[in-house]
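Visitor: Below, each chain spelled out in residue letters.
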Amino acid sequence: MISKDYMITSPQGIHARPATTLIRLTKNFNSTISLKKNDKLVRLNSMLNILSLVIKGGETISIIIEGDDEIIAAEAIDLFFTQQLKEI
Amino acid sequence: MKKAQPALTGILLEDEVSIAAEIERFDDAISKAINEIEFIKQNTRLNLHKQGLEILETQIEFLSDPQIREDVVEKISSDKKNSNDALIEIITDMVTIFENMDDGYMRARSADIQDIGNRILKHLSIADHTFTQQFDPDTIIIAEDISPSDAITMDKHVTGFATQAGSKTSHAAIIARAKGIPAVAGCGNGLDAINNNDIVILDGINGLVFVNPDQQLIADYMQKREAYIENGNRLKQLKEVEPITIDGTKITLLANISTADDMEGVFDNGGEGVGLLRTELLFMNRDSFPTEDEQFEFYKNIALLSKNKPVIVRTIDIGGDKQLPYFNLPEEQNPFLGYRAIRICLDRTDLFITQLKAILRAAVLGDLKIMLPMISNVQEVRDAKNILALAKDELLKENASFKPDIELGIMIEIPSAAITADILAKEVDFFSIGTNDLCQYTLAVDRMNEKITHLYDPFNPGVLRLINYVIEQAHKQKIPVGMCGEMAADPLATLLLLGMGLTDFSMGAVAIPVIKNIIINNDLSTARHICKEVMTMDNSHSIIKYLQEFIS
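From first to last, the protein sequence lines are chains A and B.
Take the first sequence: its position 75, counted from the start at 1, is 74 in numbering that gives the first Met the number 0, and no numbers get skipped.
Take the second sequence: its position 505, counted from the start at 1, is 504 in numbering that gives the first Met the number 0, and no numbers get skipped.
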């Protein structure tokens, strides 16, 4: 299992557009990928679940990845939160 | 215009077989709904903006949301509800949850959820809920609400819409902005008074709807509309154009700002970042100095909006004409020559460290740089660097995340700094020339004194020589040099400054298109020639007259 914290670097936080990108990204992997904010944990496959956490810019969330391809999944997720999110 | 609302049927399923069939029917409706959006995507690709496409992508993800399916399947199998009823109940619950959220953006998403719910329902039944109606030219739609998909597929004759519900962050409103048609959302019941064939003025800028206006108002708005379109076209054309001279030199145009709210205007006017973030507002209108966390919030909000473009943060520039009620600065004979800006910071290191720590922390979220104002000698730069090192040490001890290799630059606005630019350039990452103070100090002219305003003259050869020297020395030391004073926004000075070798111009955002227009229509060799000529002239009157010939 891999777990890592990220600060959200996009001003509007995880709104519909970045959530779409994130969901599509996680579909490339077998691992179960979840997002945790303040003890609330959701799978990264549901728009509604992600949006209902109301993740805003500047907040910190954790990503938890578990599965046979968790290492490459973690790399892709890392790239998303450290680079791509700013540009979305 | 009212659309039929889907209704509950109350029909219950009989056995396992019909439950399985009902789930299959639901899955089938979802794939049909997704196919429909794919179809809209393909067919509107050519005349759909990026935002519209992205909203459709988002809708596809909403439709394939496993949570919605799970909840609906649960209702079908446990409560024996038919898929129509199960879906209506689930969607209604979700819409209610989102409608009650504190966050305005998330509240606006309730319309998206309703929209995708309706889309699935449409494929579960035979009824058609979307309007694909044809309209007469210049139609304004007045509706209870408009779904994102309606907005996307809206007939080209629709010139605007007003809705009772919704907000400016609804996807329908976003699409309206992308399409460039005016829309006013959230009008409330007042819209009931409007009838078919009424004449309506829709003022999307101010959020106003006029019903059957008089001739005068119509004429006024016709004029406003024309001016708006003309200005918009000009800005739009220039916004996407890169500020490159005819012979291929890239110039960087930045904006001077004071708050996070100013960021939108920076990018709307084609700015590529912030050349001067004034931090004075942070200290004004309050009773005590802002804490590190309060300051962090301020810089953070700007960093988050900066699209990772550079933002140059000027440290405290109080004193002089900018006083603080809670900071008892003694009355001075010559406040502009007194205890101000970096001089206060190097004396009250506690205040300075607090600000530096807040900036260092926020720099993780954007490309922030630090700029020191009012530098008059190299020792001040070295002292400030030591304090910056202390600020980093403190953050390390606190285990806070920050940007350790933040760039540090200085303002060149005191003549001694300009004349020793060769020395200072070795100590810092960049220069920014502040022409307002540089002019005032070089010419010994108080800008506020009405009797001598004619002496305040940025085209005085003395001022121009200083600026030229600073740019030259920055190039020699290979550090970037910008300008953030009023001269950077003066069309008369643009070619001259280009000729001197200035590459970064920072100004009030609205001036950017004007300066850009000059840059893209001239070449550097001409600018160099102009600069050479100007440098041989002995008075500002001839210089100004000469420069005017080139910008008519």
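FYI, nobody ran anything at the bench for these hints, they're computed from the structure.
Note that the Cβ used here is the ideal one computed from N, Cα and C, for glycine as well.
A couple of the hints might just be wrong.
Simulated restraints, written as ranges between beta carbons of each label pair [stated by the list, open to error]: (1) B/Glu98 - A/Lys26: 42 to 52 Å; (2) B/Val210 - A/Ser2: 51 to 61 Å; (3) B/Arg176 - A/Gly66: 23 to 33 Å; (4) B/Arg446 - A/Lys3: 48 to 58 Å; (5) A/Leu78 - B/Glu449: 43 to 53 Å.
Visitor: Now look at each hint and say whether the structure bears it out.
Guide: Checked hints:
1. A beta carbon spacing of about 29 Å between B/Glu98 and A/Lys26 contradicts the range 42 to 52 Å that was offered as a hint.
2. Between B/Val210 and A/Ser2 the C-beta distance comes to about 58 Å, which sits within the given range of 51 to 61 Å.
3. Take B/Arg176 and A/Gly66: their Cβ atoms lie about 41 Å apart, and the range 23 to 33 Å is violated.
4. Between B/Arg446 and A/Lys3 the C-beta distance comes to about 54 Å, which sits within the given range of 48 to 58 Å.
5. Hint check: A/Leu78 to B/Glu449, Cβ distance near 59 Å, so the stated range 43 to 53 Å is violated.
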